[in-house]
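Chains D and E, in that order, give the protein sequences. Take 1 as the starting number for the first sequence in the UniProt record's numbering and just add one per residue. Take 1 as the starting number for the second sequence in the UniProt record's numbering and just add one per residue.
Be a bit skeptical, because a hint or two may be false.
[What the hints assert, rightly or not] Lysine to aspartate or glutamate pairs mimicking DMTMM-like chemistry, simulated, CA-CA at most 20 Å apart:
id, chain 1, residue 1, chain 2, residue 2
1, E, Lys246, D, Asp207
2, D, Lys193, E, Asp66
3, D, Lys242, D, Glu94
4, E, Lys246, E, Asp82
5, D, Lys193, E, Glu16
6, D, Lys26, E, Asp66
7, D, Lys193, D, Glu94
8, D, Lys26, D, Glu190
9, E, Lys215, E, Asp339
10, D, Lys26, E, Asp60
11, D, Lys26, E, Asp82
12, D, Lys124, D, Glu112
13, D, Lys26, D, Asp53
14, D, Lys26, E, Asp85
15, E, Lys246, E, Asp85
16, D, Lys242, D, Glu97
17, E, Lys246, D, Asp201
[Stated by the list, open to error] Here are some chain D residues the structure puts well away from chain E; computed CB gaps all over 10 Å:
id, residue
18, Ala39
19, Ala50
20, Arg51
21, Tyr59
22, Glu70
23, Gly71
24, Gly119
25, Gly144
26, Ala167
27, Arg187
28, Gly211
29, Lys225
30, Thr235
Quick caveat, the hints were computed from the structure, so don't treat them as lab data. Here the structure is a predicted model, which is why all the values come from computation and not from measurement. The beta-carbon is built from N, C-alpha and C at its ideal position, and this holds for glycine as well.
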Amino acid sequence: MTSRKTAIVLGGSSDIGRAAARAFAKAGYDVALAGRDVAALEPDAADLRARYDVVVGLYKFDVLDTASFEGFVNGLPALPDVVISIVGLLGVQENAESDLAHATTIMRSNYEGPSLILGLFAEKFLGRGTGTIVGVSSVAGDRGRASNYVYGSAKAGFSAFLSGLRARASRGGVHVVTVKPGFVRTRMTEGMKLIGPLTVDAPVVGDAILGAVENKTDVVYVSGKWRLVMLIIKTLPEAVFKKLRF
Amino acid sequence: MTLVSGWGRFPVVDSELLRPRSFEAVGEAVVAGSVARGNGRAYGDAAIGAVRTVAMTGFDRVRSFDPATGRIRLEAGVLLSDLIDTFGPRGFLPFVVPGTRFVSVGGAIAADVHGKNHHCEGGFGRYVDSILLRTGQGETIEASREENSDAFFATIGGMGLTGIILEATMRLRAVETGWIRERVIAASDLDAAMRALDDGDAATYSVAWIDCAAKGRDLGRSLIYLGEHAGPGELADGAAAFPVGKNPGLAVPVDLPAMTLNRTSIRAFNELYYRMGARRAGGSHVVSLYPYFFPLDAIADWNRIYGRRGFLQHQCVIPQAGARAVLGEILGRVAQRGDASFLAVLKKLGEGDGILSFPLPGYTLALDFPVKGDIMNFLDEVDRLVVAAGGRLYLAKDARQSRTTFEVGYPALQRFNAIRRSLDPAGNIRSKLSQRLFDEV
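Just chain D, same shape as in the assembly (with noise of 0.2 Å):
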């Protein structure tokens, strides 16, 4: 008997997360779910067990206790074949302006620790030969806007971050999806002004990030109309794009 294949979610609370989740074991993967509070991850386990049937595994993970990564992925029983980093956080732009601490948090959920991690696994990844790693940036992160510039920029450094990756492991049998889901329907965006065409439901997320790892696709605009969205925003000339309100 050939042994299933396997995902672990980073950040396996998130809607998104558990989007994902069911997306991978739909899909017929042993899921494993990792985030801050273990026992808030049981219904969620429970759920996939009892929708597909399949083996899932908890493990606490805290995206900002960088110290802790190495224990975190040599504890695991065996290494995955696919990592999915769905972790990061929004936080509030107005705060983070004058308050060094929100700041720094904003910077290192959404770009120290997500990419710490996911080089760890690409390291164990590629002395094995294979493996997917997968990590959700932001169309926020393709050009600094004036109401999320924090946010955007430690996801512009994920995003980079990816693409270097991307580049190198390809050539040691592993591959690495780069997803930006654009709006999407979330706890996270709850209350925000979503521009409803561009907005999707995080189970459109979960099945686009499966699709990217089958696939084998580089990089994953959710919605297709955010591609082009982004291709306008990001040719506009500095000097017209400052004058821009949002």
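Use these hints to put chain E onto chain D, whose structure you have.
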């Protein structure tokens, strides 16, 4: 405040919309004038809180599933579409599904929804074994046929007014395939349609699509669709045992101008629909469960077809005795008007299960009308015919019936209200519908 409406987009009213993330937060969300909302498929004002509407779709976890028995425990926000997509390929389907799969389990329980099998297998509530209910008083209770049975039978079909349904344990039906063996019968008039439905009593599923533009000799001409679960040997070569349910692709992007639906277009559509169906009549063939059970789900946002002002669905049930005369009278008046739904649905119902459940043994007729002109007066007249015949209207579809129509139609109301008061003495759970029809003024 937020403007909230049901699927019919009438009425549109102010109600604070809250989306709690934990059962504790659900408890804290309940203030005087709150009601739960599932996926917003109730047509009128049933799932709009008098003050606050508590959205439950975030609670979509399955707690446990036993593949030996089909028993499942789940959170109330799980959609039937999700259940079908997840457990269908494992050989299980809900026992009862309404005409759309995009309803939540909590909503299906609260409305005790019926399907094409109500005449022989009952409603959604019949397959619910227990409910975790957060009462208006702030208690969380487990209610079943044995334990807190008053609360249980008041919650089945209770339109969310006994409290907020958090979880439910129910039974799923074991099926061999996701396909239905369908037999189409063309009925040239109402008598033939009712006879065909009576003859179809033994069929698991039966429903008639009525051409409500047809008048005179053709009044009530219909296509009757009978269905049975198909076995693996009946599928076309190479067909998967479980078909894939496509997400609604073709959406109605904008509100169509009211002009789109007029006498001519409705007549033309009905004529075409009848003729195409009649050509298929006679033999039986195997169809995917999706178009069989959920024909309208293929078009996303079809409620926009009726224009910006929304539409009313009028669904009544008339007891068996005397149903022929009343249905003929209603259909005659509707055909005379010419602006009713492009398709009307006629089917048979059996006994209801909950205290306030809609079904009673007889025929149910569902019609849509765009909100315009003298439609309210017209439907008030239809209601008088319904009530005189001992019938009633479906609360999950209603946005406008009068207190009198409601009170005469639902004689168990006193008992329901007594249970409701015992669960919620302060009267915290109130919807726009309960304010309109139940609550003391």
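Consistency of the hints with the structure:
1. Between lysine 246 of chain E and aspartate 207 of chain D the alpha-carbon distance is near 14 Å, which keeps this suggested pair within the 20 Å criterion.
2. This hinted pair does not check out: lysine 193 of chain D and aspartate 66 of chain E have alpha carbons roughly 42 Å apart, beyond 20 Å.
3. Restraint check for lysine 242 of chain D and glutamate 94 of chain D: satisfied, since their Cα atoms lie roughly 18 Å apart, inside the 20 Å limit.
4. At most 20 Å may separate the alpha-carbon atoms for a hinted pair to count; lysine 246 of chain E and aspartate 82 of chain E meet this at roughly 12 Å.
5. Among the hinted pairs, lysine 193 of chain D with glutamate 16 of chain E is consistent with the structure: their alpha-carbon atoms are about 16 Å apart, no more than 20 Å.
6. About 17 Å separates the Cα atoms of lysine 26 of chain D and aspartate 66 of chain E, which keeps this hinted pair within 20 Å; it holds.
7. Annotation: proposed proximity of lysine 193 of chain D to glutamate 94 of chain D holds, straight-line Cα distance about 17 Å (limit 20 Å).
8. Using a Cα cut-off of 20 Å, the hinted pair lysine 26 of chain D and glutamate 190 of chain D is violated, with the two alpha carbons roughly 27 Å apart.
9. Between the alpha carbons of lysine 215 of chain E and aspartate 339 of chain E the distance comes to roughly 13 Å, so the proposed pair stays at or under 20 Å and holds.
10. Only pairs whose Cα atoms come within 20 Å are accepted, and lysine 26 of chain D paired with aspartate 60 of chain E is accepted, the gap being roughly 16 Å.
11. With a CA separation close to 12 Å, the supplied pair lysine 26 of chain D and aspartate 82 of chain E stays within the 20 Å bound.
12. Taken as a hint, the lysine 124 of chain D and glutamate 112 of chain D pair is honoured in the structure, with Cα atoms around 19 Å apart against an allowance of 20 Å.
13. Restraint check for lysine 26 of chain D and aspartate 53 of chain D: the C-alpha separation of about 9 Å stays at or below 20 Å, so the hint holds.
14. For the given pair, lysine 26 of chain D sits about 10 Å from aspartate 85 of chain E by alpha-carbon distance, which is consistent with the 20 Å threshold.
15. Under the criterion of a C-alpha separation no larger than 20 Å, the hint pairing lysine 246 of chain E with aspartate 85 of chain E is consistent with the structure, at around 10 Å.
16. The straight-line distance between the Cα atoms of lysine 242 of chain D and glutamate 97 of chain D is roughly 18 Å, inside the 20 Å bound, and the hint therefore holds.
17. Proximity of lysine 246 of chain E to aspartate 201 of chain D is assessed by CA-CA distance (about 16 Å); at most 20 Å being required, the pair is judged to hold.
18. With 10 Å as the threshold on Cβ separation, the claim that alanine 39 of chain D sits away from chain E holds: the shortest Cβ distance comes to roughly 13 Å.
19. At roughly 4 Å, the least C-beta separation between alanine 50 of chain D and chain E is not larger than 10 Å, which violates its mark as non-interface.
20. Its closest Cβ contact with chain E, about 5 Å, brings arginine 51 of chain D to no more than 10 Å, contrary to its assignment away from the interface.
21. At the 10 Å boundary, the C-beta of tyrosine 59 of chain D stays outside the reach of chain E, the nearest C-beta of that chain being 19 Å off.
22. Every CB of chain E is more than 10 Å from the CB of glutamate 70 of chain D (nearest about 33 Å), matching its label as outside the interface.
23. Distance check on glycine 71 of chain D: its Cβ is at least 30 Å (rounded) from any Cβ of chain E, clearing the 10 Å threshold; non-interface status holds.
24. At roughly 32 Å, the least C-beta separation between glycine 119 of chain D and chain E is larger than 10 Å, which holds for a residue marked as non-interface.
25. Distance check for glycine 144 of chain D against chain E: the nearest CB is about 30 Å away, which clears 10 Å, and the non-interface claim stands.
26. Once the 10 Å rule is applied to beta carbons, alanine 167 of chain D is consistent with being away from chain E; the minimum gap is 35 Å.
27. Annotated as non-interface, arginine 187 of chain D brings its C-beta within 10 Å of a C-beta of chain E; the closest such distance is 7 Å.
28. For glycine 211 of chain D, the non-interface assignment is confirmed: its Cβ lies about 14 Å from the closest Cβ of chain E, beyond the 10 Å cut-off.
29. Here lysine 225 of chain D stays apart from chain E, with its beta-carbon at least about 14 Å from theirs, past the 10 Å limit.
30. Every CB of chain E lies more than 10 Å from the CB of threonine 235 of chain D, the least distance being 28 Å, so the non-interface label holds.
Figure legend: structure checked against the earlier numbered hints; hints not met, in rising order: 2, 8, 19, 20, 27.
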